[in-house]
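A.B. asks: Chain by chain, the residues:
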Amino acid sequence: MTLTATTAHPRSTTAARIEYTAVSKKFGDTTVLTGLDLTVEPGEFVALLGPSGCGKSTALRILAGFETASSGTLTVDGRDVLRVPAHRRGIGMVSQSYSLFPNLSVADNVSFGLVVRREVKARRVAKLTSLLDLVGLPGYADRFPAQLSGGQQQRVALARALAIEPRVLLLDEPLSALDAKVRSSLREEIRNLQLRLGITMLFVTHDQDEALAMADRVAVMRGGGIEQIDQPGVLYDQPSTDFVARFVGTTNQLAVARGAAIPDLWVPLREGDHDLLYVRPESLMFEEYDRGCAHIVSHVYRGATTRITAKIDGSISRGSSEIKVDVPSASVTELPIGIRVRVRLTGRPALRVEA
Amino acid sequence: MVHVSRKTRAARDVRVVAPGLSWALIILVALYIAVPMLCAFAFSIYVPTAGFTFEPYLESVRDPGFPGALSLTLLITVLTVVGLLALMVPTMVYLHLRAPRWRPIIEIVCTIPLVVPSIALAAGLVTVLRSMAGFGRGSLPAQVSQLLQNPDLPVVLVGSYIVLTLPFVFRSLDAGLRTIDLRTLVESAHSLGASGATVLRRVILPNIKGPVIFSAFFCIALCLGEFTVAVTLGYRTLPVWLTQIAGSNFRASISMSLLINALTWALLIAMTVLAGRAAPARARALKGHES
Chain A
1 MTLTATTAHP RSTTAARIEY TAVSKKFGDT TVLTGLDLTV EPGEFVALLG
51 PSGCGKSTAL RILAGFETAS SGTLTVDGRD VLRVPAHRRG IGMVSQSYSL
101 FPNLSVADNV SFGLVVRREV KARRVAKLTS LLDLVGLPGY ADRFPAQLSG
151 GQQQRVALAR ALAIEPRVLL LDEPLSALDA KVRSSLREEI RNLQLRLGIT
201 MLFVTHDQDE ALAMADRVAV MRGGGIEQID QPGVLYDQPS TDFVARFVGT
251 TNQLAVARGA AIPDLWVPLR EGDHDLLYVR PESLMFEEYD RGCAHIVSHV
301 YRGATTRITA KIDGSISRGS SEIKVDVPSA SVTELPIGIR VRVRLTGRPA
351 LRVEA
Chain B
1 MVHVSRKTRA ARDVRVVAPG LSWALIILVA LYIAVPMLCA FAFSIYVPTA
51 GFTFEPYLES VRDPGFPGAL SLTLLITVLT VVGLLALMVP TMVYLHLRAP
101 RWRPIIEIVC TIPLVVPSIA LAAGLVTVLR SMAGFGRGSL PAQVSQLLQN
151 PDLPVVLVGS YIVLTLPFVF RSLDAGLRTI DLRTLVESAH SLGASGATVL
201 RRVILPNIKG PVIFSAFFCI ALCLGEFTVA VTLGYRTLPV WLTQIAGSNF
251 RASISMSLLI NALTWALLIA MTVLAGRAAP ARARALKGHE S
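If you read the protein sequences in the order shown, they are chains A and B. Residue numbers for the first sequence follow our numbering, beginning at 1 and rising by one. Residue numbers for the second sequence follow our numbering, beginning at 1 and rising by one.
Keep in mind that the hints were calculated from the coordinates and are not lab data. All clues given are correct.
Residues on chain A that point at chain B, a partial pick, calculated with CB under 8 Å: (1) Y98; (2) P102; (3) G113.
In this text, a Cβ means the ideal position worked out from N, Cα and C, and glycines have one as well.
Extracted from the complex, chain A is given alone in its bound form (with noise of 0.2 Å):
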């Protein structure tokens, strides 16, 4: 390994490898964690994404050193961390809001991490200017946080966490108590940030769109564990498993005779073994058919697309009762509610089960 000279410029942050290996955690009787094996490149941004309880914060805050590991190791950098305290690792870490520091400006709260390190003073204003400009809040550092927005305090918060040139920086749900337009341009800011800074993240979300909108890889995680990892477009196209398929997108299930070939127009299957097919709404359409499987019950606009939901006549036991369908909005004419209509597919299944 070669030592390298920080500088006070922010950007100059070394970016770490981390590696969890087999990581468990119990709390009492319950766990949390079961084996969690996961590794970060150096510059990665990686997405912890899954329903709360599938222990994607507990793995976050273990790697922060607020939660010690039942077993298994955990290293940065091929260092184990896990014996080292929370203030020693060097790792940032941004949560999900209110975490300023109530009683100091914005200087101080940014400057925090640099004081508590006896930074000299002329380095910690020089790093101070250059980080606020890099969040986009010059000018801001008198305020106190309590003057400030969620989404500027939110912004200061990743200034203050980046002061102390992290090897890592974690990011818990940072954006889950803003509003929405907020949420979606701090959700770019943030991306252009990592890779001008070419920092290793780990971010935790419950948000399908935050995930896949920002990661380079995105894990969603199920009960204490990794159903699958893989960049956003591949978990999108071919999930692994009908967990990863339901929850990341939006998918209709379709029956179909076991093993046999997918067909081009779909009629609901009502006996005999199965297999269900996964298919996103866009892989779909339907067309007006006075003998149709189902009839049309709901448009969503949604600006471009419009969302189409048709119900399948009859009683279904397999797969989805309703059919959701994204056609451009421009021909959702065609296709008024009430209207009977059939089931074709245009695209690829994004994934097959025996069920």
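Got chain A sorted already, so can you dock chain B onto it with the hints?
C.D. replies: Same frame as chain A, now just chain B:
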């Protein structure tokens, strides 16, 4: 918007049924507190045979017992405040962060001094100290007993006063810690490289400044006024000395107790101002921001 503000104003009108009545109540309470003190003040500065004079004040200060009583009380006060905060602030932080399940138990323990009369506490202490001394000269318990009762540094009084203030201090700090997002703040500070002591000093203390100042105030007020335990254990603190000179020079004892009272009030006002300033800059800055 107009609608809402009208509604709140209506609500405010309902709450203050009759402004006159509330003022009457305030005046009544003020009189209840002030009249005895004013009477005592008048008594202390007016001697029927000599007219108006500050002589009783000078007499009380000139009493040979005064310097010793004052220095002992001040020493006890300082040690008690320091000991109390050093014990309770870390304990309460730990309780909130790591052991919230123990909170009810600690709360009950800290409330006990409120329901146990201080004479019972003093009597209990006397019994324990005596039985320790009963082990014989030079034995370890006897030495400990002696150390605790050192006449120049009565550790036993400091300990007792810490116990007596626990009910107030527990509640004050508990409330203070509840108003901040303690866990998030502590974790953020840790991840920025601050050790436990630094977090306590730079992050937690500044954010519970008000409750800490009030705890110190409770403690000071108690130390300046506590009589029962001190007299039972045989220490000549300020209140004990006061009752002793009351026999020979009543007017002087009244003037001294007024001085102590005034000191307590001055402290209360100072603490309130300080605490107001502690609820900090950010509030004032906010006001400036809005206008």
